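Given two chains presented individually in distinct reference frames, assemble the corresponding complex, making use of the accompanying hints.
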Amino acid sequence: QGLDDMDPIEFRLPHTIQRPAVAPSHGPKAHTTRPIVTGTSVVAFKYKDGIIMAADCLASYGSLARYRNEKRLMAVGETTLLGVSGDMSDFQHMQHTLESLLTQEYDMDDGQTLGTKSVYKCISNIMYNRRTKGDPLWNSYVIAGVDNGQKMLGYVDLYGTTYQSTSIATGYGGHLAQPILRRLVEGREDEVTEEEAVQILDECMRVLFYRDARSLSKIRRAKVTAQGVEISEPYTLETNWDFAESITGYGS
Amino acid sequence: MARRYDSRTTIFSPEGRLYQVEYAMEAISHAGTVIGVLSKDGIVLAAERQATSNLLEQSLDNEKIYEMNDNVVAGVAGHAADANTLINQSRAIAQRYLLKYDSPMPVEQLVRRLCDMKQGYTQYGGLRPFGVSFLCAGWDSTFGFQLYQSDPAGNYSSWKAACIGENYSNAQSILKQEYKDEEKEEAGPNVRTVGSQMTMDDALKLTCQVLSKTIDTAKLSSKKLEFATITLKAGKPFIHVYTSTEIDEVLKKYESVIKPADSQ
Chain A
1 QGLDDMDPIE FRLPHTIQRP AVAPSHGPKA HTTRPIVTGT SVVAFKYKDG IIMAADCLAS
61 YGSLARYRNE KRLMAVGETT LLGVSGDMSD FQHMQHTLES LLTQEYDMDD GQTLGTKSVY
121 KCISNIMYNR RTKGDPLWNS YVIAGVDNGQ KMLGYVDLYG TTYQSTSIAT GYGGHLAQPI
181 LRRLVEGRED EVTEEEAVQI LDECMRVLFY RDARSLSKIR RAKVTAQGVE ISEPYTLETN
241 WDFAESITGY GS
Chain X
1 MARRYDSRTT IFSPEGRLYQ VEYAMEAISH AGTVIGVLSK DGIVLAAERQ ATSNLLEQSL
61 DNEKIYEMND NVVAGVAGHA ADANTLINQS RAIAQRYLLK YDSPMPVEQL VRRLCDMKQG
121 YTQYGGLRPF GVSFLCAGWD STFGFQLYQS DPAGNYSSWK AACIGENYSN AQSILKQEYK
181 DEEKEEAGPN VRTVGSQMTM DDALKLTCQV LSKTIDTAKL SSKKLEFATI TLKAGKPFIH
241 VYTSTEIDEV LKKYESVIKP ADSQ
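Here the protein sequences line up with chains A and X, keeping their order. The first sequence begins at 1 in the UniProt record's numbering and counts up one residue at a time. The second sequence begins at 1 in the UniProt record's numbering and counts up one residue at a time.
Computed cross-link-like contacts, EDC-like style, restricted to lysine to aspartate or glutamate with a CA-CA straight-line distance of at most 20 Å:
| id | chain 1 | residue 1 | chain 2 | residue 2 |
| --- | --- | --- | --- | --- |
| 1 | X | 100 | A | 105 |
| 2 | X | 100 | A | 107 |
| 3 | X | 252 | X | 202 |
| 4 | X | 236 | A | 147 |
In short, the hints are calculated from the structure, not lab data. Please read all numbers here as calculations on a predicted model, not as lab measurements.
Bound conformation, chain X alone (with noise of 0.2 Å):
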């Protein structure tokens, strides 16, 4: 009898559950996946766009990823228009701490404000949740690169490499597989890293493998992704949101991971 426990957003189930937050998880599964690969010079982000069309303007269309700062760059996953009114929240919130501080916000306190929003739609005002995953990948310096995965319950964790979406499962288990573990733990003076043996190379060579395996058309193409870099260029984060040509450009240089069509 879940029907009954399902419609308020603001109560719980008799067997403890928020309906409502599941529900959106769900609208998630179905959506284009995003995933996310950390490495010890950067972080991957790449996504599968579902709505695709010769008529579209691929260039001015951003479906998947955005900038949400100079230090943040994010992927999301589900509605796009629940996502637009948080990436607009989430510029306005790092915007109101460099005014403030002088300073770029810290990734780990963009994605909590994130998260807190998203939490307070599943307990008060009888509003249904926001049915969004990001994925959100950024560089500050007291932590260097991180890569943070929140859903509309408002949790959040961060990762090595995480997936979400469509296939967000098999993407896991894929990039579990093939992650390479070994780390070194360095403390700079500044900076605590922890220093994955992941180079740059490996993390987009990796990317490319997942998304071969978990996107089930017959062939990858940039008509059908986006695909996004933050790295440091002279210790300043620099987001690098590659164009169609540029994915192509990738898609090329590790085509020897990518499965071919017809052995699929």
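Extracted from the complex, chain A is given alone in its bound form (with noise of 0.2 Å):
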């Protein structure tokens, strides 16, 4: 279709071009139906120097803990951290669609970068341009960067809705780890240094490893400030498993 635009009799000038309106016929269209291979919470934060963000490494298939080192935090070009729960093969989707965005930006080479917020914009219209033709990509993305010196934490998901906020949480997260952020973090976002921020982070991480059935104590953490995105090695969270032995009930 491409090269056909270029064949100098048929040449139609860029802007009168007209793509047909009927799509080509290959049979019944496949539609995700249900994410298969997924990944659970992703947890992140606005602090005092930027953005941090956790999520574990495992990507679960079904009830089964299959893939145990999983990179659920990319960084998009060096400005903007993304972090992903939701079908993994839709991520591996997007992850190529974000790796094209970034060459057309770096064959264009006049010295001009996308910002987090476009880096945003260009994933949220992806999201809800799929879901509206019924075949969502299953995700939900945590979108983080420093704009200009402005933190930028977003959140879009499958059904294509969108919203920035100073705490964000994905799946189990929402309900888990929310809760725990907006009482420590929500209003005191300038104050919170990186040390008491990783202690936030790795409590609320401990917490879903505890209650989240679908998790591992292995995790990564990743920061984003106007220096640019580092994404840690993964490491365990210590857990206490003592008060197991106190429990009654359920076959004990």
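Here you go:
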């Protein structure tokens, strides 16, 4: 289709081309009906120097803890940090799309870079358009970055719903971690130091490991500041299961 | 025997020239002058209207200067109808970018898209080129204030001061002489600006000066002119297209540099 445009006889100047309205028929259209390999919560919040984010290293296959060294946090260019939960194959598709976007930017070679706000808009548009076609990318994204000194933290999901906030958590994180974040971080985002932020984040992830049956204690965290994106190596949270001995009922 | 090679845009002459493109540029050299001057605080665009009549509804008649976007304003020289098509296309391009990326389109990218379109008409399709040159004045957060000149061939370049249309070579040489060229390169955290030593005031003064020398009517008046500036207000680009009253005020303010009619 692209090459047809350059045929000198058929050539129609770019702004006069009208794409055919009818889509080619290859048979029945397959739509995403359910997620298969999935990642659980992503937790993120604004702190003094930027935004901090964490996700565990697990990609589940239903109830099976199948892939235990998975990366659910990614850098988009130098300026934006992306966290994902939901279907991992749909995430990989999004990764390829974002890669193309960055390649286009590189090819243009004009000293301009896409800010976090722009990456956020691109992802939001893709997600909403897919949902409108009834073929969603089954994900929840957390997008973070520092644009011209302004901290930006946003959320987009499979419906195309978007919102921005001081703290964001997807999946179970929305139920278990968000209340902690609201209590400890909301209203004091410029005071929280990196040390404190790491403590708060680890505590949220610990709670999630105790209560989310599809989580793992091996996690990664990342921060994005005016200096750029840094994603840590995986580390394991310390947990205390002593209380288990005192449980009665359910086969004890 | 130029005649043989000038009826189709898509072929070269034996001397390696594209006659249609050159003829387009010739058309522009008879059109109303447009001048642009870059200063460290903004850009001035001024243009001479060729269609003047007491019957024209001045305030609604935009002949030369058009806003492309919140951060780009352009002056056109050449065929008005051709210019309108290109302006409409550019506006749509800029809005599509804003819709897609939630950010104003960088100035150079807009100019480049426009020029790629113009170039297409010199290589494909058997259609004539657009008989329009632009002076695009804009601001973006990476490179600050920029002034671009583009021609029917699809060439574009960035200028500190430029002129298109009638008497442009005359104007260009005056600009070259009078433009305060010493500059300091300033690198801010996100804005890299070439620190021109011209202030907005200097730029307005220079513009008036050059206008008076290149426009060959007896007296400069707001009837004959369109004027616009782009500056920053609260960190955001601000385009001001002057009303005739405001133009008269500018001309009054700098009347010392405007050559009086009798001494011409």
